Amino acid sequence: MMPKDFWIGSVGLGFAAIYWFEAGKIRISPLDDPVTAAGLPKALGIVFGVLAIVMIVRGLLEFAGRRPAVSGGITDQPKPGERMRPHLRAAGVLAIGVAYLLLIPYVGYALGIMALMLAISMYIGAPLGVRSVMTAVLGGIFFHLLFVELLGIPLPEGALIETLLGSKS
Amino acid sequence: MEGLNHAWTALTTTPAAFAAVGGVIWGILGGALPGISPSIAMALLLPFTYTMDPIPAIVLLASTYVGAEYGGSIPAILIRTPGTNAAAATAIDGYEMLKQGRGGEALGISLVSGVIGGLIGLFFLVVLTEPLARVALAFTPPAYFALGILGLSVIASLSAGSLVKGLMAGVIGLMIATVGTDPISGVNRFTYGSPDLLGGIPFILVMVGVFAVSELCAQAGKPAWDRPEKAQTRIKLPSWAMMKRLRKPQAIGSGIGLFEGCMPGAGGSIAAFMAYNEARRWSKHPEEFGHGSPEAIAAPECANNTVAGTALVPMLSFGIPGSNSTAILLGGLLIHGLQPGPLLFVQHPDVVYGLFGGLLVANLSLFFVGMLVLTPAIWLVNRPKPYLMAAIYALIFSGIYSIDHSLFDLYIVLLAGAVGYAMRLLGFPFLPLVLGLVLGYLIESNYRRSLLLTNGDHRVFIEDPVSLGLLITAVVFIAGSALRDLRAARREKDVDA
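Going down the list, the protein sequences come from chains C and X. Take the first sequence: its position 113, counted from the start at 1, is 113 in this note's numbering, and no numbers get skipped. Take the second sequence: its position 86, counted from the start at 1, is 86 in this note's numbering, and no numbers get skipped.
Excised from the complex, chain C in its bound form (with noise of 0.2 Å):
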């Protein structure tokens, strides 16, 4: 199998091609300098182009200097499942604080926080109980104290709760 530099100076390629593309999409202004506002962004292009090239050269001498592999042996390494267990965690990280994103507008900051909590902490190994709930609770009522009542910041109310309360009053 090719080494890992041949891969990233490969997918390093082609993001440079694609920017060093956009850059050229950048509008002229009749204002603009000699160097123009694409001047810099196609140079970078080409600048990533070239280490990723090097990067792939460098993967290319790795894989012609590697020793072929003793076949047969006992091997230690981990089944490809449990190699991306821990990615596939890691992405469920980014799945939660993208759910919170898509929610708050709904729910509000104080229970949307309140919720993120309680998710992150249980997904990260915290048991379901009253522990974990009241940590969550007693956070996000911490956390809406500070941001919104102390500091002022405009935190979303959330429509839903706006909603529920509209129609009490």
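If you are wondering where the hints come from, they were derived from the structure by calculation, not from laboratory data. Note that the structure is a prediction, hence the values are computed from the model and not measured. Mixed in with the good hints there might be a few duds.
Stated by the list, open to error - In the SDA-like style, the derived pairs of lysine to any residue whose C-alpha atoms are separated by at most 20 Å in a straight line are:
no., chain 1, residue 1, chain 2, residue 2
1, X, LYS99, X, GLU287
2, X, LYS248, X, LEU119
3, X, LYS222, C, GLY92
4, C, LYS42, X, THR191
5, C, LYS25, X, LYS222
Add chain X to chain C, keeping to what the hints say.
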């Protein structure tokens, strides 16, 4: 002597001393919250200063700046989340020390170095304000461009292990810096019609993403219901032997902080990175950098706290605010009818020396306030891992939203977190990316301004003496790093043979 009288009168007859302590407490809180930058912490206080007397009002704002510059290092060490841009360099080794069970020691080093840096910065502010301000005037656009290049040259030695990966990370940082409105022509770049991207991508979003969110992602890979294994529950001040070891990095940090603070636009971030790099270059234990070196905390902390003092030099002397924080301080002066400039020293010496006196109290109280704040902070990070991680995530989401009240910013943080996680896996260093991001605007805008002034003649960069000096220094830095890496590679080969 007259100045000393003014300072003493201000501290004894006005509530300036209380304002100094209050400002430090508020500043530490603001700096410790990711997203609440020193300037935001100061801006939140600005409305309250309208009704105050001028001296306590200015002291309150300046002390908040001092406290916030230090406060940024607390989450940087404890949760790998730099509270301020300048604390990013501290996050690397500070968090490594925490993982080794030496978090209390790291906090002690950062506190003592911060106080030392702050006092040195104040000393130079008082003694050298006028002569140093003349140096700032010599800085033309070519010189600022060269200053940026000098900053970028640090990448060469921050990329231990793989120079190519370090350079790639630096270029990605520069690429991110090009997003938004072009500094010269006003043309939109890479905004794809999104108004949220017109102002560019703030540094703090990327820093919090690559440092903190990626760390949370990595931690989620090994779920556990426990407390940190090697917990240190108390702050530990450095011993005399350690203080002796830290003298050199602190001197380096203060020297760089002195220089950078006097340059409008340079700021604490560049000073901290350069101090980190130089401390490593001159250290007897450069191999410890990146793995929990006390020197790697002392140098940047000393540098950014020195900047908190010296950044006031161009602001007080010429009314040139070099950063958002000093711009707010300038606003505070103008609110009270005080026009910064040489005449300020003649017409309102009571305010100027009162400010100096207040800053002395602020820097001294920083030590005691820090001691009080840090023990509960250490207790907090020793809670069970799932609760701690949940609280950090909540803090990040709340703090980042506070910057522009935008959910879009939080998506950027998550994206930066994903990029940071990928960088960890592939062995890319973070610091070059941050450096490219921080310096991108400074380099591009001044490069193009220089060429506008000379009709595209590149000779301006070597004809300007300051620019030439800085560019030569950058070349020396890069060559030195390359030589060091070459020697290390040869040594490894010899050992293998």
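Evaluation of the provided hints:
A threshold of 20 Å between alpha carbons decides the hint, and for LYS99 of chain X with GLU287 of chain X the separation of about 18 Å falls inside it, so the pair holds. The straight-line distance between the Cα atoms of LYS248 of chain X and LEU119 of chain X is roughly 16 Å, inside the 20 Å bound, and the hint therefore holds. Annotation: proposed proximity of LYS222 of chain X to GLY92 of chain C holds, straight-line Cα distance about 13 Å (limit 20 Å). Straight-line distance between C-alpha atoms of LYS42 of chain C and THR191 of chain X comes to about 16 Å, which keeps the hinted pair within the 20 Å bound.
Restraint check for LYS25 of chain C and LYS222 of chain X: not satisfied, since their Cα atoms lie roughly 44 Å apart, outside the 20 Å limit.
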